[in-house]
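These protein sequences, in sequence, are chains A and B. The first sequence begins at 1 in full-length UniProt numbering and counts up one residue at a time. The second sequence begins at 1 in full-length UniProt numbering and counts up one residue at a time.
These are calculated hints, taken from the structure and not from any lab test. A hint or two may mislead.
To be verified - Taking lysine-lysine and the BS3-like style, the derived pairs with C-alpha atoms no more than 27 Å apart in a straight line are:
| id | chain 1 | residue 1 | chain 2 | residue 2 |
| --- | --- | --- | --- | --- |
| 1 | A | K198 | B | K253 |
| 2 | B | K97 | A | K253 |
| 3 | B | K200 | A | K253 |
2 protein chains.
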Amino acid sequence: MNVFVIGIGLIGGSFAIDIKAAFDEAVIYGVDQNETHLDQALSLNIIDHKSTIEDISQADIVIVAIPVDATVNILPMILDMIDEDCLVFDVGSTKQKLCVSVEQHDKRRNYLAAHPIAGTEFSGPQAAIANLYRGKTNIICEIEKTAFKLQEKGMEIFSRLGMRIRYMDPASHDKHIAYVSHLSHISSFMLGKTVIEKEKNERDIFDMAGSGFASTVRLAKSSPAMWTPIFKHNKENVIETLEEYITNLNQFKELIENNDYEEIYKEMENTNHIRTILKGIA
Amino acid sequence: MNVFVIGIGLIGGSFAIDIKAAFDEAVIYGVDQNETHLDQALSLNIIDHKSTIEDISQADIVIVAIPVDATVNILPMILDMIDEDCLVFDVGSTKQKLCVSVEQHDKRRNYLAAHPIAGTEFSGPQAAIANLYRGKTNIICEIEKTAFKLQEKGMEIFSRLGMRIRYMDPASHDKHIAYVSHLSHISSFMLGKTVIEKEKNERDIFDMAGSGFASTVRLAKSSPAMWTPIFKHNKENVIETLEEYITNLNQFKELIENNDYEEIYKEMENTNHIRTILKGIA
Chain A
1 MNVFVIGIGL IGGSFAIDIK AAFDEAVIYG VDQNETHLDQ ALSLNIIDHK STIEDISQAD
61 IVIVAIPVDA TVNILPMILD MIDEDCLVFD VGSTKQKLCV SVEQHDKRRN YLAAHPIAGT
121 EFSGPQAAIA NLYRGKTNII CEIEKTAFKL QEKGMEIFSR LGMRIRYMDP ASHDKHIAYV
181 SHLSHISSFM LGKTVIEKEK NERDIFDMAG SGFASTVRLA KSSPAMWTPI FKHNKENVIE
241 TLEEYITNLN QFKELIENND YEEIYKEMEN TNHIRTILKG IA
Chain B
1 MNVFVIGIGL IGGSFAIDIK AAFDEAVIYG VDQNETHLDQ ALSLNIIDHK STIEDISQAD
61 IVIVAIPVDA TVNILPMILD MIDEDCLVFD VGSTKQKLCV SVEQHDKRRN YLAAHPIAGT
121 EFSGPQAAIA NLYRGKTNII CEIEKTAFKL QEKGMEIFSR LGMRIRYMDP ASHDKHIAYV
181 SHLSHISSFM LGKTVIEKEK NERDIFDMAG SGFASTVRLA KSSPAMWTPI FKHNKENVIE
241 TLEEYITNLN QFKELIENND YEEIYKEMEN TNHIRTILKG IA
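In isolation and in its complexed conformation, chain A is listed as follows (with noise of 0.2 Å):
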């Protein structure tokens, strides 16, 4: 089983990792921009082989990890290129741009849209770690438009590495991921650049910063590659939670300012229900 991992960073790299382990048959090859990367791939015993975009005709299976704004310039020659019985997998944080592109293709059939939630803020192969997707959700979308036997394909690899797997339609995808995902990270990474802006020298940053903070911001170290293109391609509903959060802000703000310390309680008071809410994400 020829597997060729388009973008063999973090996310792509933990995939090779976990398909390894999972298959005996599974060859992997690296296919990466940068050299520097593949090579620390090969050297990390992530891939088995470098290789490029040309040899994907010998692929069984596809998966690509690279921005999303990248997969979508390549997704439609990648379904070109592929033997028929091959299945292209992606994993990108928006789905609807993705699915719109190849909605004529002569391969869709050949394509599943898959995300799966499972990452950490850190990026490039040497941040690849087995066992990322196990217990983590993979959301699927439009999986009556992906032939069957290649549906089953990509279900054997997502059980075999112990994903849970959701079934959703792009638009809903993309709207409620920018609420529980996107949002956060604008939101650490806005809190990041209030804090550096005016805490000008570190030392006193650091020392008076407690994991509390640390917890806030650490989505502040993602990628800008990688995230750039999602706020690109989610552009509208990332804008509504943008506002709604705002607002929220704003409120509480006001509640301050008019010193009503009754209702402050109360809005902290309602969304520590959010303990229930995150004991079932841990």
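We have chain A; now place chain B onto it with these hints.
Relative to chain A, chain B alone:
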């Protein structure tokens, strides 16, 4: 050494545990309005005896670990009642109002204003843990106003508990801590609120949210009873940080609206610098 801990929750309880371990001669007396918490603390062996504020004249050390508004009310009374060799320190997240409230007190020299930057999002005696303070920063305000012998007494405790000491005036403390702590909590609470309002189906949140979301909203589990008085005490600083944060969010939203993805990339790249800062914390 009789140690009276007023408020035997996460913070006070963790002090009790570590002081008991570090000082053979320490006898811990718990004082709390919540009788259930007192009983829990006793059965968890966090305190040696249940006590009341009336017995505080027997104390060698008093640790005040209750919400900051309650501390302002009770602190002068405690100072009235204690023995002249007794050290009283508080651990609140705001310092200015407290320092002002005892400025003219006859026993001002018995008080040490402290803020250990340590904690978790949990509360109550069952949340108390050993070594919570090891390696953490303890910010001391107006050290010169505490009697020299009592400074030593306090430092001996902080040192045995493994804390690093930083000295700061109360106004600077309240200003900086608004950025690196209070703002994070509001950001987290409002993020939680925004998502909960939108996603009525909790199952959907569980399934779609990953560790990134969990990390960003973790602080929204925090206690409203503790945090409402903090926002009240630090009103002006908190409003200022909130305004800057909201301005940054609005600017980011405008960049998305204007499709200025180059600038969005740069914003995130600049903020990635937080990696260095977080290394200093972790």
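Going down the list of hints, with the structure as the test:
1. K198/A - K253/B: holds (21 Å)
2. K97/B - K253/A: Status holds; Cα separation ~20 Å.
3. K200/B - K253/A: holds (25 Å)
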